[in-house]
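As given, the protein sequences belong to chains A and B, one line each in that order.
Anchor point for the first sequence: position 33 equals 33 in the numbering used here, and the numbering is continuous, going up by one each time.
Anchor point for the second sequence: position 384 equals 384 in the numbering used here, and the numbering is continuous, going up by one each time.
Lysine-lysine pairs mimicking DSBU-like chemistry, simulated, CA-CA at most 30 Å apart: (1) K571/B to K412/B; (2) K26/B to K135/B; (3) K98/A to K591/B; (4) K480/B to K102/A.
Quick list of the computed label-pair ranges, beta carbon to beta carbon: (5) R153/A to A61/B: 36 to 46 Å; (6) K102/A to P505/B: 28 to 38 Å; (7) E46/A to A191/B: 33 to 43 Å; (8) I42/A to P505/B: 49 to 59 Å; (9) R513/B to R153/A: 52 to 62 Å; (10) R105/B to K102/A: 50 to 60 Å; (11) Q96/A to R489/B: 15 to 25 Å; (12) K275/B to G49/A: 22 to 32 Å; (13) D109/A to G159/B: 51 to 61 Å.
Think of the hints as simulated: they come from the structure by calculation, not from any bench.
Positions of the beta carbon are idealized from the N, C-alpha and C atoms, including for glycine.
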Amino acid sequence: MRIALDEVYAMIARTATGDGSLIAALGAIQERYRYLPPEALILASERLGIPLAQVYSVATFYNAFSLEPKGKHLLHVCMGTACHVRGSPQVLDRLQTKLAVKPGGTTRDRLFTLETVNCLGACALGPIVIADGEYSGQMNPQKADQLLKNIQRRPDFARRGGAEVR
Amino acid sequence: MINRLRSVADLQSWQATLAAAWDESKPRLRVCDGTGCRALGSQKVLTALYEELNAARLDTAVEIVGTGCPGFCERGPLVTVYPQGLSYQRVQPDDVPEIVHKTCRHGETIERLLYTDPRTGGHIYTEPDLPFYRKQKRLVLDLNGRIDPTRIEDYIALGGYASLAKVLSTMTSEQVIATVKASGLRGRGGAGFPAGLKWEICRKNVQIAGVGYIICNADEGDPGAFMDRSVMEGNPHSVIEGMLIGAYAMDVHQGYVYIRAEYPLAVENLRTAIKQAEEVGLLGKNIFERGFDFGLSVRLGAGAFVCGEETALMASIEGRTGEPRPRPPYPAESGLWGKPTNVNNVETWANVPIIVRDGSAAFASIGTEKSKGTKIFSVVGKINNTGLVEVPMGITLREVIYDIGGGIPKGKRFKAAQLGGPSGGCVPAEHLDVPIDYESLSALGAIMGSGGMVITDEDTCMVDFARYFMKFVQEESCGKCTPCRVGTRVMLTILERICAGNGKPGDIDYLVRLGETIKTASLCGLGQTAPNSVLSTIRYFRDEYQAHIIDRVCPAKVCKGLITYSIIPEKCTGCMVCLHNCPTNAVAGAKQQVHVINAALCSRCGMCASVCKFEAVVVQ
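Here chain A stands alone, though its shape is the one from the complex:
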C-alpha cells in the first residue's frame, strides 16, 4: 500500500475541527494505513501546530496506534477475564508458537500480525480470536491451528501485505 501524503493531509484537515483533534486525526490515519507512518506524524504536527514531541507522545501512549506497519492478516486474541478463565492463554501460546512472534509482533514475511485485545464483550463465546474482523468463538489450541490453516488456504494468501512508503 502506498502512503499518499496529500491524502494524509486531507485526513488531518478533515478531522481538524478545533481543540482535541489530534487523536481523531491519528485515528483516521491509523484506520487507513493500519499504522502511523513517520511522515504522517510530521504532517500532523505542522498542520495542527502541535510540537512533534507531543504528537509522538500521544502516538505511543494509546494502544490503538502503532508505529510499525501491520501484517496482511490481523489476529486478535481476546484476553478479557471471561476468555482468560476459559483458556485464552493456551490459545495465545499456540499462535505465538506457530507464528514465532510475540503479541504485538508481525511475522517476517509481513503476512500475520498477532495482537491481544482487552475484552470485546462477546464473553459468551470465549475464548475468542478475531481473524481479519471475523469472530471465532470457543477456541482452543487445536482450533487455532485450524484457523491459521484456513487463512493460509485462501487464494490470495501468498500475496505480500503491509504498507510501505514510496
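Starting from the known structure of chain A, arrange chain B on it as the hints suggest.
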C-alpha cells in the same frame, strides 16, 4: 422521518401517530443484532430470513426487526417470533426455512429451537417465562430487544423523549435536580456517588463560570463487562435523552460521549442516533423552541484503560495523552478545558429518563435503603447462562448466579464471583447470600463496580486469577505516579514467581503490605484500586497461595510451573494424535504403543489433553 419538531405538541402528535401504528399483534421476527449474537452468526440468520420470506412471498406480511441485545447471549443467535412471542435460540441459517414455513406461515412451534428447562426437561415458549428473565427487573434494558436502535421512530413510539418534553415544558432546572436527588440514583460507573448531588455542585459552578460541559463515560474498559456497550447498541436514544435532561438541569450546552473504539457497532448506532436527533431538532439550537441549546459530540477512545478514569478521560478529549491528575479540583469545579464538567457513565445517563417518567418515588421504591433502582451485570465466566442481567438492588448474589445464571456448568463447584473488574474484588461461596448493594459489597472487600461479574469454579486458580488482573493493571498503568508504575510491576513479579513455583515464605505478607501502600499513595483510581484483586484473593483464598508457595502445588492445576502432563497407559490407544499435535515434540511413542510425555520437553500447553479422544492425558 418527519420535519423538525418545533414544540412539545409536535412530539406528542408524532408519538401518537407512531404508537397507533405500533401493533404488537402483527407478525414480526425480532432478531438480536448485537455484538454477541453477531459473533455467533446472527447476520447470516438475518440474511437468510429476508431471502426466505421473500421467496415465500411473506415479506410484506411478516416484518423483520434487527434489535439490540436482549441479554441472553449464551443462547444466541436469538430470534423471537411474534405475535406468539416464541423465543427461538441458537438459531442457525439452516433453521430459517422451517421458521418461515412452519411458524410464520402455519403458526406451528419448532420445539427443538426452544429453551429446555434443565430442571424439568420441559420446553419454555416465551421470553418472560424463561428462568433467565423471571427474576430480572428490566428498566434500562426494557427496550433492548424490542426496538430497532437505528430508528428514532421506534424509540418515540414507545414513549421516548417524553421525559425530555416533560422537563422542558413543566420543570425548572432545580426541580430536575431535586427529582434526581430524591430518586437516590447513584453513579453506575463504580464509585456510586449520588448523581443528583454531583449535578447540583456542577450546576452551581457552571453558573459562576458561565460555561460547562457534560460527558458520558462510555469507555467501558473492565474486561468481562459489556453492559454499557449493549445499552448504546440497543437503545442509544435513552443515553442521549438522559444527557439532554442533565444538560438542561446543569445549564450546559455541549456534551461529549467518550466511547471505546473497540465497540464499533455501539459507535455506529450512537452516531446514527445523534444524527437522527439532530435532524428532528432534539439536539441542536433552540430545542422545542424553548431557548435551550445542546450539542453532542462523539470522541473515540484509543485503547487506554486509564481513560475510564475521569481526569484521564478529559485529558484524552482535549487531545492529549490520557494521564490522570490529582483531585481536587474535581471535574465539577475544573474539568474539561478548565471548565465545570459533569461526568456520568452510560447506565447512569440511561436511568435519567426513567426517573423523570416514573417519578423519583417509583424509582426509589426499587432496591435497598441506600442503593436504589436496578443494576445491570454482565455475568460471564464459568456460568451456564452467560449474558446481561438487570436486577433490582438488594437481590442476593446467589439468586443472580443460580436462579438467573443457571449455576455452574458441568456440575462443578462454585468458587468465587469477581465483581468490578481489575479494581474490584471477589465474593467467595460462604458469602453467596450477600445482598447486592454498594455498602454490603464494600464490606466484603469487593465493589459494585460498573457491573462486570466473572464467575470462577474449582478449576480456576485464584493466584493465577490475581496475576491476570495484576498483569492487566500493570500494563495499563499510565506511568505518571511511582507507586502505581513501580508498585504494580513489583507485585506482578512476585505473583509470576509464585505461579512459576518459586514463591518464597514471606511473599504473601509482602504483597499485602505493598498492596496497601499502593492503594494509599497512588494518584488516581486505577492505582488506588489496582491491588484489590490480589488483596481480596489473599483474604479469601490464602490457602491457595500457601499451597503454591509451601507445598509447590497449584490446587486448580492451572499454573504451568507447578503441573505436569502425563499419559495413563491403560487409556492410551497409541493413536498418535497427541504425538502429531505436540508443538515441542515432547510425546514419544509409536502406532498402537503407549505414548509417554517427556516432562523436560513439555511446554504445558495442554494441546495433548485437548486433542485426546480417550481422556488418557492427565494433569497433576
